[in-house]
Amino acid sequence: MAVHPLRLSRFNVTSLVLGLAFLYLPIVILVIYSFNASRLVTVWGGWSTRWYTEFFNDRAMLDAAWMSLRVGVVSATLATLLGTLAAIALTRGAGFRGRMLMSGMLYAPLVMPEVITGLSLLLLFVALDAGRGFVTVTIAHTTLTMCFVAVVVQSRLAGIDRSLEEAAMDLGRDPLRAFIAVTLPLIWPAIAAGWMLAFTLSLDDLVIASFTTGPGSATLPIRIYSEVRLGVKPEINAICTLIVGFIAVVIVLASLVSKLSSARGESAAPL
Amino acid sequence: MSRNRIFTAPARLAAIPPYVWMVLFFLVPFGFVLKISLSQTAIAQPPYLPVFGLSEGTDGLKASFTALSLDNFRLLVSDNLYLASYLRSVLVAVVSTLILLAVGYPIAYGMARLPRRWQGVAMMLVIVPFWTSFLIRIYAWINILQHDGLLNKVLLALHIVSMPVVWLSTDSAMYLGIVYSYLPFMILPLYATLAKQDPSLIEAAADLGVSRIDAFWLVTVPLSLRGVGAGALLCFIPIMGEFVIPDLLAGSNSLMIGQTLWLEFFTNKDWPVASATAIVLLGLLLIPLLVYDRLQRRQLEAR
Chain L
1 MAVHPLRLSR FNVTSLVLGL AFLYLPIVIL VIYSFNASRL VTVWGGWSTR WYTEFFNDRA
61 MLDAAWMSLR VGVVSATLAT LLGTLAAIAL TRGAGFRGRM LMSGMLYAPL VMPEVITGLS
121 LLLLFVALDA GRGFVTVTIA HTTLTMCFVA VVVQSRLAGI DRSLEEAAMD LGRDPLRAFI
181 AVTLPLIWPA IAAGWMLAFT LSLDDLVIAS FTTGPGSATL PIRIYSEVRL GVKPEINAIC
241 TLIVGFIAVV IVLASLVSKL SSARGESAAP L
Chain G
1 MSRNRIFTAP ARLAAIPPYV WMVLFFLVPF GFVLKISLSQ TAIAQPPYLP VFGLSEGTDG
61 LKASFTALSL DNFRLLVSDN LYLASYLRSV LVAVVSTLIL LAVGYPIAYG MARLPRRWQG
121 VAMMLVIVPF WTSFLIRIYA WINILQHDGL LNKVLLALHI VSMPVVWLST DSAMYLGIVY
181 SYLPFMILPL YATLAKQDPS LIEAAADLGV SRIDAFWLVT VPLSLRGVGA GALLCFIPIM
241 GEFVIPDLLA GSNSLMIGQT LWLEFFTNKD WPVASATAIV LLGLLLIPLL VYDRLQRRQL
301 EAR
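Read top to bottom, the protein sequences are chains L and G. Note that this note's numbering numbers the first sequence so that position 230 is 230, with each residue one more than the last. Note that this note's numbering numbers the second sequence so that position 260 is 260, with each residue one more than the last.
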């Protein structure tokens, strides 16, 4: 692989700089304005943290944030379990009956418009006469995010040399033990990245949660959405900044985990 | 032989929980959408007349079969509101995908030209905004685009405009929001194909006297068509069903199909029509998927 890339042209540099600026500037502006003391969102009135205090005194917002965190943790954990099992089945269970259907069911939600996924799950819950709230939102998010976990883990599993596992089996381990002892540690970073991805997707989702939740159990995006429809409020800037900061911490943790556990230098990209 | 058989039996067992979950919460719900799209609207809770009531036995089942109707689908075809929303969704998705391609390609190309160790960093930088909340990214733009927002202030200060421009609730704002939100989905597949290209191909073209710009159009672009297809598909399909971005950034005089579905469901409480809308949308989305599949197969055969 003695590929040495061609030299960058001025055009390449400009498009990279402009592209990244386009991606990051709006978020940076949002963060700066969240520290604005003025009630008018657009007039700069000096630095202040009053909108953060306001958020921490807003009972309804805090309830919604707590709801979102609970849904996120539970659904990401379930999704990671199910998605990892699905990835193992797809890479190792060569030719089991219904493999086509399985991969179809796992890939479809990745591109499916959220309005359709949300609508179909709601109709199921109504038909089952299930009370809508924490449980239904968690089920809905698990269904969506396990597909992402499956894709992340599957791509990692596919790149792993099976001869290691075979060696362990030659040494007398049964297949399951060989897998747990040899392969599981190798795909661990991908599983962790899958959990983080599932968690942030759940924390982010508005549409599916709107369909599947019931009265009194709004998630944070639902609360933010109803506030945003009424116009820009400085408190929302503060909440959004907190979420961005929180997710940044999650990403840093994710990359640290994958760096630490993949000592062989094949770091798992978080996607 | 043994290589293929390794771990197969436990792997099949591993398939059971996700399989059952997906059948229960993905496949079965679609049955419900289909069923309710064929039933009658009713002012009740839930707001549709049940079809396939299993409690009444076979007679009930027979009766419910005769009660099935395509009325909701007829309504979709005959009412201009739905046709207009479908058309608008297709238009918005096509235009956005083209803009995304025009914006994303130079960025992906620049990334692929970076020195190797910088490429990973650049990829991280493109992925990170994808991790931050979708809603927050749209909200960030509302901050900037509103009447006395930053954009108008800058434009006024630079004397580019003399009056604040209305940005919010326009199609331009919506396109901006869509391009902003979907850019990573376009850049990553493009980058993946561009990074794999052998630079010596360009060198060979240069040796043959082809200019840099011609080499780009004759060599780089044709070889990246697979990435273009993947990126376009990854953007086009979800944009077709987009709800949040047009709802928050575009005006309310013409709706995309995702908005119409939402309206039918939450405001008009017409679940059967909302279900029929979803079924037709799914049907429409199958077209680009099938075209893509076809193209890929042809590419494989051509090898």
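Mixed in with the good hints, there may be bad ones.
From the structure, some residues in chain L lie toward chain G, with a derived Cβ separation under 7 Å [what the hints assert, rightly or not]:
1. Ser15
2. Ala89
3. Cys240
Hints listed in this document are in silico derivations from the structure and should not be mistaken for laboratory results. Ideal placement from N, C-alpha and C gives every residue a C-beta, glycine not left out.
Results of checking the hints against the structure:
1. Ser15: holds, 4 Å
2. Ala89: holds, 3 Å
3. Cys240: holds, 4 Å
Consistency note: the structure conflicts with none of the earlier hints.
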